[in-house]
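Asker: Here is how the chains run, residue by residue.
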Amino acid sequence: MSEPVIEIRGLRKTFRDFWLRPVAEAVCGIDLTVEKGDVFGLLGPNGSGKSTTIKLVLGLLAPTAGTVRLFGLPPRARAARARLGYLPELSYLHPFLTARETLLYYAGLSGMDGKAAKARAAELLEQVGLSTVANRAVGGFSKGMARRVALAAALVAKPELLILDEPTSGLDPIGTHDVKELIRRLAGMGVTVVMTSHLLGDTEDVCTKIAILSKGKVAAFGRTDELLTRKQDARFTIAGLGEDEARAFAAEASAKFGRDVAFDHPRVPLEKFFAETVGEGR
Amino acid sequence: MRESFRLTLRALVRGHVMTLLVAAVALVHVLFPSIVRADNTASGWREMYVRAVPGFVVAVVLVVTLACACGFFSRERETNRLALTVVRPASAFCVAVGRWLALCGVAAVALVLNAALTFARLPDAPDCRHHVAPILPPPATVARQMMEEYLKDPSTPEAVRKAPRRRVLELLTNREKDRYDAIVPNESLSWTFPADSSRSGLAVRVCFSSASSMSRSARGTLTFGGLTGAVSNNTQTLVEIPLERTAAAAPVTNSLVFANTGAVAMMLRPRRDIELLLPADSFLANLFRATLQSLAVLALLAAFGIFLSAALSRPVAIFTALVMLAVALMAPDTLDQFTEELEVPLGDRIGLAFSRGVACVTSAFMAPTPVSDLATGRCIEWAELARTLLEDLLVWPAVFLSLSALVVRRRPLS
Ligand SMILES: Nc1ncnc2c1ncn2[C@@H]1O[C@H](COP(=O)(O)OP(=O)(O)OP(=O)(O)O)[C@@H](O)[C@H]1O
Ligand SMILES: [Mg+2]
Chain F
3 MSEPVIEIRG LRKTFRDFWL RPVAEAVCGI DLTVEKGDVF GLLGPNGSGK STTIKLVLGL
63 LAPTAGTVRL FGLPPRARAA RARLGYLPEL SYLHPFLTAR ETLLYYAGLS GMDGKAAKAR
123 AAELLEQVGL STVANRAVGG FSKGMARRVA LAAALVAKPE LLILDEPTSG LDPIGTHDVK
183 ELIRRLAGMG VTVVMTSHLL GDTEDVCTKI AILSKGKVAA FGRTDELLTR KQDARFTIAG
243 LGEDEARAFA AEASAKFGRD VAFDHPRVPL EKFFAETVGE GR
Chain X
97 MRESFRLTLR ALVRGHVMTL LVAAVALVHV LFPSIVRADN TASGWREMYV RAVPGFVVAV
157 VLVVTLACAC GFFSRERETN RLALTVVRPA SAFCVAVGRW LALCGVAAVA LVLNAALTFA
217 RLPDAPDCRH HVAPILPPPA TVARQMMEEY LKDPSTPEAV RKAPRRRVLE LLTNREKDRY
277 DAIVPNESLS WTFPADSSRS GLAVRVCFSS ASSMSRSARG TLTFGGLTGA VSNNTQTLVE
337 IPLERTAAAA PVTNSLVFAN TGAVAMMLRP RRDIELLLPA DSFLANLFRA TLQSLAVLAL
397 LAAFGIFLSA ALSRPVAIFT ALVMLAVALM APDTLDQFTE ELEVPLGDRI GLAFSRGVAC
457 VTSAFMAPTP VSDLATGRCI EWAELARTLL EDLLVWPAVF LSLSALVVRR RPLS
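Read top to bottom, the protein sequences are chains F and X. Take 3 as the starting number for the first sequence in our numbering and just add one per residue. Take 97 as the starting number for the second sequence in our numbering and just add one per residue.
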């Protein structure tokens, strides 16, 4: 068992108005553990409390009840904050800074020195595909470009824990694909990733663990493989098998096992098809 | 600290605050001089000019600085950017200090430009002078003695005996501050100064009044050792009388004598109406000190604005800052109005306590008067400047910026 990076116990958050009357119960008793190396997906419909949970984990909001530990520390501890990167739901950037300056600003706030920060900024701009517009003010960026800058800003200090609130929102399919690739690569390097999304496809592809929130409660939680794989069924893909041959094979198998056998032809995911069609010619 | 300094500087420069400020300074210096009206003396015009042009610029820079400061953290919070700063391991105090330094830097540019343009317009303004008040015991000491005598005196009314001592003392102190000395015709009176008559280039700044509210003519002679000056002016006007050397062999003294040769009794408040003027250094040096002093006051207000921006939303912060500014400007007058009453109704007493509190808190910001000192040619003493710099540039900003860091760290962000 590896060490828990995030430990959430009995977490509750009730938003109150000026007169302290409860307005919304955003989170109602959540217990979750995220371990080192996990790619953790927090799913749920709109308003289910995903962003609120993330803000509680970051210590931006004070919980009504329950505790959060980051690396075994309270979320506001500087030592914990030094080890994490955060991408908010919307990319809130300083409009008059250029992409490069934005990265240097956040690198500086994370305590990186000038030279290392410059090298890191250049590397990240290359990675998120913005090196050609590095010196343009981000105020004029499109939503997706801003998203890429914000993502790079989250990565700038080489965090051990990356918290991404809807990382793919506003990105084109290639951007989405790149982000997923990036997450996989980071996970391979031992970075723990927590991401929220309501795009199930995205989550399914990259997350090793998921929790589904509904009305502020955890409705399902576990390893993606275990939750989604139907071990009692089996599916085959046989390359180069035509329609007639397949039909014959199905009949044979049906006779042999005494069960219904269905077959279909695999489809390429639209994402892949799109990527192949558009190519790198963005 | 460096990051937030750079960020704020870029915001102020690229958001055109800096450009507009510099343009405003230049515009005021180009347009205003032609509308400055004064009496026909060069010194009168100079005084009006300093109050109207550089004085106005300082007021503009002050309001702009305060408005900018009030938007710092509040806008960051509105646009949700603050969360991105807060989740970084940087200290909130350093972030606040960085922002404050950048704002002070921009204000300093405007103030230096203001000073340069002022000097360009007044290259041969006369040297400034030390304004020296007569040596008198502190008003509170005099008041305490007076109170003891009052209480011993059997004819003192019962109301005074019953009134709280503190209030009586305060009343007597205020009365002592405004006490008049009277000099009847053909008599003379003297005041001692912490300077002696061996120096040259001395003058007396004095404002006589008479018992009647009408303007009378004040006539007489001021004598300071071997120096004399003739008084022939109207009452109720502040005049400056140069002291000329007439008797070469007169003994050196530090007592200034006024002999009344007029027909009516002359009066003056020794703590307010008479000062000895001693030559100090150049106008340029005083301009330098006045600029530093203005900058210190601005720095204090900037830190206060940043604190408000951490605690409140932007419109509320700006509103609060302006109200506080207005109350601070009015508090001394409010206090003056109530100095003569022993019995104050409860409602007024609350208002009075509030005004007193404000006056006390804002004294750090209200005490320096760089523009008026520059206008009247009063030398801003180095000790005074050092005190302003210490209080307004270090102590109070440290307090306000620590408080804002505390609020930023504690306050939830949604
Ligand atoms: N600052 C706030 N004040 C009052 N209520 C809030 C606040 N923030 C969130 N809520 C409420 O809390 C609930 C959960 O909101 P949250 O933003 O966590 O949802 P979410 O799962 O992130 O949704 P989405 O998928 O749309 O991003 C909602 O009902 C929302 O109205
Ligand atoms: Mg959300």
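Errors might be hidden in some of the hints.
Unchecked claim - Beta-carbon label-pair distances, calculated as ranges: (1) F:A26 / X:E174: 56 to 62 Å; (2) F:W21 / X:P253: 29 to 35 Å; (3) X:A463 / F:A26: 32 to 38 Å; (4) X:F450 / F:W21: 26 to 32 Å; (5) F:G68 / X:V423: 41 to 47 Å.
Stated by the list, open to error - Interface residues of chain F toward chain X, partial, derived using beta-carbon atoms under 8 Å: (6) P90; (7) G113; (8) F143; (9) F259; (10) T279.
Hints listed in this document are in silico derivations from the structure and should not be mistaken for laboratory results. Every residue gets a Cβ at the ideal spot worked out from N, C-alpha and C, and that includes glycine.
Asker: Against each hint, give a clear statement of whether it holds in the structure.
Answerer: Right, here's what the structure says about each hint:
A26 of chain F and E174 of chain X have their C-beta atoms about 20 Å apart, which leaves the hinted 56 to 62 Å range violated. Roughly 53 Å separates the CB atoms of W21 of chain F and P253 of chain X, a value that falls outside the hinted 29 to 35 Å. The hint said 32 to 38 Å for the Cβ distance between A463 of chain X and A26 of chain F, and at roughly 50 Å that hint is violated. Here the CB-CB span from F450 of chain X to W21 of chain F is close to 27 Å, well matched to the stated 26 to 32 Å.
Between G68 of chain F and V423 of chain X the beta carbons are some 44 Å apart, a value that agrees with the proposed interval 41 to 47 Å. For the restraint placing P90 of chain F at the interface with chain X, the shortest Cβ-Cβ distance is roughly 6 Å, inside the 8 Å limit, so the hint holds. With a cut of 8 Å, the hint placing G113 of chain F at the interface with chain X holds, because the nearest CB-to-CB distance is about 6 Å. With a cut of 8 Å, the hint placing F143 of chain F at the interface with chain X is violated, because the nearest CB-to-CB distance is about 15 Å.
Interface restraint check for F259 of chain F: the shortest CB-CB distance to chain X comes to about 56 Å, outside 8 Å, so the restraint is violated. Checking T279 of chain F against chain X by beta carbon gives a least distance of about 36 Å; that is not within 8 Å, so the hint is violated.
The structure does not agree with the numbered hints 1, 2, 3, 8, 9, 10 stated previously, though it agrees with the rest.
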